[in-house]
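Peer 1: In order, the protein sequences belong to chains A and B. Everything in the first sequence is counted per full-length UniProt numbering, starting at 1 for the first residue and increasing by one. Everything in the second sequence is counted per full-length UniProt numbering, starting at 1 for the first residue and increasing by one.
Source of the hints: derived by calculation from the structure; they are not laboratory data. Among the hints, erroneous ones may be present.
A pair holds if it fits inside one copy or across any two, identical chains being indistinguishable in the list.
[To be verified] Straight-line C-alpha distance at most 27 Å; calculated BS3-like pairs for lysine-lysine:
1. Lys-73 / Lys-245
2. Lys-238 / Lys-263
3. Lys-214 / Lys-238
There are 2 protein chains.
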Amino acid sequence: MTHSNASHNNTSPTTDNTSHAIVQTDTNDPSSLTWQPVTKPTPKDGEALVAIQFAGVNRADTLQAAGHYPPPKGTTNTIGLEAAGVVEDPNGAQRPDGSPWQAGDQVAVLLSGGGYAQHVTVPHGQLMPLPEGYSLRDAASVVEVATTVWSNIMMTAHVNEGDLVLFHGGGGGIGLFGIQTAKALGARVAVTAGSQSKLDTCARYGADILINYKEEDFAEVLTAEGGANVILDIIGAKYLDSNIKALAPDGHIVTIGMQGGVKGELNIGRLLATRGTISATGLRYRDPEDKARIVRATYENVWPLLADGTIRTHVDRVLPVQQAAEAHKALLAGEITGKIVLEVPQV
Amino acid sequence: MTHSNASHNNTSPTTDNTSHAIVQTDTNDPSSLTWQPVTKPTPKDGEALVAIQFAGVNRADTLQAAGHYPPPKGTTNTIGLEAAGVVEDPNGAQRPDGSPWQAGDQVAVLLSGGGYAQHVTVPHGQLMPLPEGYSLRDAASVVEVATTVWSNIMMTAHVNEGDLVLFHGGGGGIGLFGIQTAKALGARVAVTAGSQSKLDTCARYGADILINYKEEDFAEVLTAEGGANVILDIIGAKYLDSNIKALAPDGHIVTIGMQGGVKGELNIGRLLATRGTISATGLRYRDPEDKARIVRATYENVWPLLADGTIRTHVDRVLPVQQAAEAHKALLAGEITGKIVLEVPQV
Numbered sequence: 001m002t003h004s005n006a007s008h009n010n011t012s013p014t015t016d017n018t019s020h021a022i023v024q025t026d027t028n029d030p031s032s033l034t035w036q037p038v039t040k041p042t043p044k045d046g047e048a049l050v051a052i053q054f055a056g057v058n059r060a061d062t063l064q065a066a067g068h069y070p071p072p073k074g075t076t077n078t079i080g081l082e083a084a085g086v087v088e089d090p091n092g093a094q095r096p097d098g099s100p101w102q103a104g105d106q107v108a109v110l111l112s113g114g115g116y117a118q119h120v121t122v123p124h125g126q127l128m129p130l131p132e133g134y135s136l137r138d139a140a141s142v143v144e145v146a147t148t149v150w151s152n153i154m155m156t157a158h159v160n161e162g163d164l165v166l167f168h169g170g171g172g173g174i175g176l177f178g179i180q181t182a183k184a185l186g187a188r189v190a191v192t193a194g195s196q197s198k199l200d201t202c203a204r205y206g207a208d209i210l211i212n213y214k215e216e217d218f219a220e221v222l223t224a225e226g227g228a229n230v231i232l233d234i235i236g237a238k239y240l241d242s243n244i245k246a247l248a249p250d251g252h253i254v255t256i257g258m259q260g261g262v263k264g265e266l267n268i269g270r271l272l273a274t275r276g277t278i279s280a281t282g283l284r285y286r287d288p289e290d291k292a293r294i295v296r297a298t299y300e301n302v303w304p305l306l307a308d309g310t311i312r313t314h315v316d317r318v319l320p321v322q323q324a325a326e327a328h329k330a331l332l333a334g335e336i337t338g339k340i341v342l343e344v345p346q347v
Numbered sequence: 001m002t003h004s005n006a007s008h009n010n011t012s013p014t015t016d017n018t019s020h021a022i023v024q025t026d027t028n029d030p031s032s033l034t035w036q037p038v039t040k041p042t043p044k045d046g047e048a049l050v051a052i053q054f055a056g057v058n059r060a061d062t063l064q065a066a067g068h069y070p071p072p073k074g075t076t077n078t079i080g081l082e083a084a085g086v087v088e089d090p091n092g093a094q095r096p097d098g099s100p101w102q103a104g105d106q107v108a109v110l111l112s113g114g115g116y117a118q119h120v121t122v123p124h125g126q127l128m129p130l131p132e133g134y135s136l137r138d139a140a141s142v143v144e145v146a147t148t149v150w151s152n153i154m155m156t157a158h159v160n161e162g163d164l165v166l167f168h169g170g171g172g173g174i175g176l177f178g179i180q181t182a183k184a185l186g187a188r189v190a191v192t193a194g195s196q197s198k199l200d201t202c203a204r205y206g207a208d209i210l211i212n213y214k215e216e217d218f219a220e221v222l223t224a225e226g227g228a229n230v231i232l233d234i235i236g237a238k239y240l241d242s243n244i245k246a247l248a249p250d251g252h253i254v255t256i257g258m259q260g261g262v263k264g265e266l267n268i269g270r271l272l273a274t275r276g277t278i279s280a281t282g283l284r285y286r287d288p289e290d291k292a293r294i295v296r297a298t299y300e301n302v303w304p305l306l307a308d309g310t311i312r313t314h315v316d317r318v319l320p321v322q323q324a325a326e327a328h329k330a331l332l333a334g335e336i337t338g339k340i341v342l343e344v345p346q347v
């Protein structure tokens, strides 16, 4: 295979195998995230090699650092589920329009891991062009939330125009992205958050119903509004019964996080009374074909909404990747509205 | 509106308002089901009047007699969710092909209640022609199971060719119908039942994997087979955790009964590990538009499979409607394989 010359000199293919990545030096210490030299990864058949410039931070990354969210078998132990950078070796990858990716092309990638690094190998189906007009920094902030929101509220729960959609943690990365996506689909949006300032941000991004979970019972508020047709839940057990109470007939709860515990009592009778559905989903352990399907749908449906400004990303702060541990700390402390992004030093 | 002359003299419109129905004379006694004179019901706008000749018996009917399954507001207290008979007053109803129903036409009907009677009023969308070649008796035995199976395994859980589908209570009316429907869709079928004779019947109707729940752990068997993509469940709480263990990745549990209890512990972590979905559904409380949509889909997709013999009904026995209490007793005792049908004396 021949590659065209890279257009960005600072990212042209290197001939040595030097790279750097965040390594967790003590598996019992989630803050032992150190930037150090590593062997540059080699793409297998069906994978491209990408030189990363920015990596998004997700709550799942903090779980992995704490030992609760192991990477899928056969993938890197390096943390990081999304990134943006430059293709170093496309290795035969094709863009969504069927044309070949070229070394030097800017790219956004969905990862099973490995984002907190200078280089990562990526299955071909998980490469996306940047949204039109987007910087690498902003692109790194939308991959995980966009694929998560689209796969769950559309591909799993099929939001319809006029539906009422509830996002727990409305001020987080998924929440702010979800609000805008649901509004773009013609839905009404309710959110829960733990502070007025986060609720104000939710309102700025289009949320219609603002619920401070410290002051109000969200199930009561939703019931008074006719019930939620779709709930995107990050709490799990603690909200299980209230989520069911908050459902409209034929409503759908999609749980993607368990910040409120793993096991809870399910009242099947209550679920049946509204003909409700509960799904628990995640992106990380899906097989590459499934991820490619989600990436493709996200690219086709969500990228245009980013390009025309219907959905805006909210990057709360950018830290050098060497400060990954501080980034995790800030996220866990609830300091972050929207997204936090790590900047990776260039080779 | 004018009606053509009825072709069946014994079902031509009567001018008096005499009718008979099963009345539960003691709401504390599920066996106090007595056949007695009642006022003939009058169809409202959008309803037809049907003279019933056969009514199917369902487990839900036994629940209603026991006080656990009240009819939807505004509908009759008379038990009975499905029937077949003759149109007495179509009141403007149209067949699926758009032609008008005529007085005297044979018809199968899905009901919110009222089947154990000589006359019932039926929303227009819940009338179906008999499957080609079917008797009224056999037609009365398939309405509830066909709409239940189709709405759940296809419209809710979207069974695909090659899927593995598990039916609990494989020997029951829903089970035997479900086995054949899933096989017609190209699925593999597993069933649970409590006796070898019921399992033998399941095998005759096409079940591939036979599990005596008294002797085997169905979750282990299913796991060894790669997991169930769809589970149609009538047990509820008691099977909740085992059903999740038995799921294939992205599998879907649809619970339509709670014979094993209403409340159970949901392990959301386990559900998330397979990206599973749990729905709890029922037909009875859906609004007429929703029922019409399900009846229509069943008529279009399942009726041809009945006409060509791909799916066969299994009527275990026919009793006079006056023996409704005995029918319920036999069903609850687990004596019935497939369906039990009540015959209604003609006016």
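Peer 1: State for each hint whether it applies.
Peer 2: Taking the hints in turn, this is what the structure says about them:
Taking the closest pair of Cα atoms, Lys-73 and Lys-245 come within 27 Å of each other only across two copies (21 Å); inside a single copy the shortest separation is 38 Å, beyond that limit. With identical chains, the CA atoms of Lys-238 and Lys-263 are at most 27 Å apart both within one copy (8 Å) and between copies (16 Å). For the homomeric pair Lys-214 and Lys-238, the shortest alpha-carbon distance inside one copy (14 Å) is at most 27 Å, but the shortest distance between copies (35 Å) is not.
No hint from the list above goes unmet by this structure.
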